[in-house]
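Chains as they are written, first to last, in the numbering used here: chain A, 1 to 81; chain B, 1 to 250.
What the hints contain is simulated information worked out from the structure, not anything from laboratory work. Cβ coordinates follow ideal geometry from the N, Cα and C atoms, glycine included. Be a bit skeptical, because a hint or two may be false.
Label pairs and their in silico Cβ distance ranges [to be verified]:
no. : chain 1 : residue 1 : chain 2 : residue 2 : range
1   : B       : G247      : A       : I32       : 53 to 59 Å
2   : B       : P178      : A       : K68       : 36 to 42 Å
3   : B       : Y236      : A       : D52       : 30 to 36 Å
Below 30 Å or equal to it, Euclidean Cα-Cα: the simulated DSBU-like pairs (lysine-lysine) are [to be verified]:
no. : chain 1 : residue 1 : chain 2 : residue 2
4   : B       : K170      : B       : K74
5   : B       : K85       : B       : K74
6   : A       : K75       : B       : K74
7   : B       : K85       : B       : K108
8   : B       : K170      : B       : K108
9   : A       : K10       : A       : K24
10  : B       : K74       : A       : K10
11  : B       : K174      : B       : K74
12  : A       : K10       : A       : K68
13  : A       : K24       : A       : K68
14  : A       : K68       : B       : K85
15  : B       : K174      : B       : K85
16  : A       : K10       : A       : K75
17  : A       : K75       : B       : K85
18  : B       : K108      : B       : K203
19  : B       : K170      : B       : K85
20  : A       : K68       : B       : K74
21  : A       : K24       : A       : K75
22  : A       : K10       : B       : K85
23  : B       : K174      : A       : K10
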Amino acid sequence: MSNTHAQLVKVFAESLLVDPAMVKPDLTYNSIPAWDSVAHMTLVAAIEQEFDLMLDTDDIIGMSSVAKAEEILRKHGVTLP
Amino acid sequence: MGAPLNGKIAVVTGGTRGIGFATCRRFAEAGAHVFVVGRTESSTSTAVEELRGAGLDGSFTGAACDVGDPDQVKDLFQRVFSAHKRLDILVSNAGVLHDALVSMVTPKIISDVFSVNLNGLLYCSQYASRLMVRGGGGSIIALSSIMGTNGAVGQTVYGASKAAVVGAVKSMAKELAPRGIRVNAIAPGFIDTDMTRSIGEVKFSERIGSIAMGRAGLATEVADVALFLAGPMASYVTGQVIGVDGGMLI
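Full structure from sequences and hints, please.
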């Protein structure tokens, strides 16, 4: 696991208040009570802070899973495995 | 004056003249770094040059942006992010006024007015609120109008757009309060600016007659309220619409 991937897992776990073991690529938005719209904005802010970037509105709407989040970060030049 | 906004980063749209220009000036007097946003490069650089020449405590960055264009708004806030990584204050002041009787309103008038007066607020608030969260909170100030609450002949579209601003402000205030972001509106009455002068001398004089204080307001008098809402003295004020109208509604 790369450091960057570990960072992303940590951000998800801390923002959604879930066990890091739950943060798998197929974890999707609204699939668990902890990842609702309010938590989503907390998550977005935490990702922006952690990776020092500013996401587009389309990115925020499109960040529907952990896998999608990784894809969006790659688009912004963050190196992930 | 003290420096209640010392070290704060502010974006003021429609900052090149009128209420926006006066707000940029007030904020700089209070110690802020102000992004002076205008529609064109030339108007923006002229305004920044004038503000810089005034010997104020704060400093300025000029930025051209059509706030009705989401891509330009994104670029504007990307610029703020690159330079400062955060934002403390947004004054969404850019506005357009089309005086037209309802039967004469065209789809283009509706589109143009709402694009700037409402969409501009929404686009800017989207990005601004996210930057504010990074800094632990902030203040969004939207310019509504007495036309949004009371209306006037020829102001159907403008009044509707300014009423919509109030609706947006109330909802954003509730949504963003838990994140430390206060959202308020200012509803100026009849303020002596280029925009209100554009209605013509006759109508201008007629409107003065409906003001209890018997005069048009000054842009600086609106800017003073913006300064209050932006600063620590309004730390428990959110979701409000503050009238600055000289008793026009009494």
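Report task. Tell me, in ascending order, the numbers of any earlier hints that this structure violates. Result -> 2 and 7
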